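Peer 1: The lines below spell out each chain.
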Amino acid sequence: MTEPADLIRSYCAKGDQEAFRRFYRAQAPKLWKFLVARGCPSDEAYDLLAEAFLRFIQTVCRDPRAPVALLYRIAINLRIDSYRRTKASAIEAVEDLDQLSATAPEEPDDYDQIRRLVTNLPESEQNLLLLRYWIGFSHKEVAEALGLPEGTVRRQCAEALHKLRERWDEDESNHAA
Amino acid sequence: MRPDEKRLQALISTAFDRLPEPDPARVKALEERLLRRASRPAGRERSARFRYWWLVAALAASGAAAWWAGEYFAREPKHDAPTSFETTGSRSYVEKRDAERPPSEDRQSEASGPGRRPDIYRREQY
Numbered sequence: 001m002t003e004p005a006d007l008i009r010s011y012c013a014k015g016d017q018e019a020f021r022r023f024y025r026a027q028a029p030k031l032w033k034f035l036v037a038r039g040c041p042s043d044e045a046y047d048l049l050a051e052a053f054l055r056f057i058q059t060v061c062r063d064p065r066a067p068v069a070l071l072y073r074i075a076i077n078l079r080i081d082s083y084r085r086t087k088a089s090a091i092e093a094v095e096d097l098d099q100l101s102a103t104a105p106e107e108p109d110d111y112d113q114i115r116r117l118v119t120n121l122p123e124s125e126q127n128l129l130l131l132r133y134w135i136g137f138s139h140k141e142v143a144e145a146l147g148l149p150e151g152t153v154r155r156q157c158a159e160a161l162h163k164l165r166e167r168w169d170e171d172e173s174n175h176a177a
Numbered sequence: 178m179r180p181d182e183k184r185l186q187a188l189i190s191t192a193f194d195r196l197p198e199p200d201p202a203r204v205k206a207l208e209e210r211l212l213r214r215a216s217r218p219a220g221r222e223r224s225a226r227f228r229y230w231w232l233v234a235a236l237a238a239s240g241a242a243a244w245w246a247g248e249y250f251a252r253e254p255k256h257d258a259p260t261s262f263e264t265t266g267s268r269s270y271v272e273k274r275d276a277e278r279p280p281s282e283d284r285q286s287e288a289s290g291p292g293r294r295p296d297i298y299r300r301e302q303y
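These protein sequence lines map, in sequence, to chains L and W. If you use our numbering, the first sequence closes out at 177, no skipped numbers anywhere. If you use our numbering, the second sequence closes out at 303, no skipped numbers anywhere.
What the hints contain is simulated information worked out from the structure, not anything from laboratory work. Computed from a predicted model, the values in this text were never measured in an experiment. There's no promise every hint is true.
[Unchecked claim] Subject to a maximum C-alpha distance of 30 Å in a straight line, what follows is the list of computed DSSO-like cross-link-like pairs (lysine-lysine):
no.	chain 1	residue 1	chain 2	residue 2
1	L	140	L	14
2	L	163	L	140
3	W	183	L	140
4	L	14	W	205
5	W	183	L	30
[As the list claims (entries may be wrong)] Covered stretches of chain W, going by a simulated chain L footprint (3 or more residues, C-beta under 8 Å):
no.	stretch
6	185-196
7	202-214
Where is the CB? At the ideal position from N, CA and C, for every residue including glycine.
Build out the structure end to end from the sequences listed, making use of the hints.
Peer 2: So this is what it looks like as structure tokens:
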């Protein structure tokens, strides 16, 4: 399977539209889901997806080494801008995610619980955990996407996981009580 | 039961993977729009345009530097023309004549007596 960076290099060097199409098809659905997971309403997620790819086209050929990290970086920044513009509350965002989850097929409680715990973490920690453990970025790629040093990403990932485990415990004890 | 780190990582991955997929028709429509925009990679186009701008900027900068230098040297103070003695080490005929002239000739023309001014007008004596 061709790497995303190879596809983008081919697109930038030869104007290979087929390479761009393959890159888009591989990344677009997951990026849309990422935006929704980050609390973006589903309709707005399509708009942000379009805007992210448009900006990506305009910038990627300057440095096509880490295109996926760049795409997520653009999308995260757009999400922050849109959040500030609409001044949507965190509660609304979580509700939207819960509505979407309700349409998914029946699933074990653990998945529902972990989604709720992650979406209640601060924005920066949500980005870290989702990019690292869901999108599957390496620490270096997460660092590029978030504009942080790699060491900081490693430390913050460990801290976020630790916090998640603590909250899991609190959640369990609350349910037991 | 409290999950360990590995289990937590797997849970995150699976839980968010289970979110609903986007509408394929909307994703496809967006793909068509993007491919029209992506027909020419913007980075290449942009870098070529920037190259021309650098050339224009360099030309403008060199023109400005030349203009400034011209202004600067035009404003330099002009020196008096050097005498022939300064330039050739020998005196001209006029300079030699003046230097060799006896001082009495000068005095005669300047004053009629010692300590007096030369007479310009003198009343007739009857």
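Peer 1: Run the structure past the numbered hints and jot down the numbers of the failing ones, going up.
Peer 2: none
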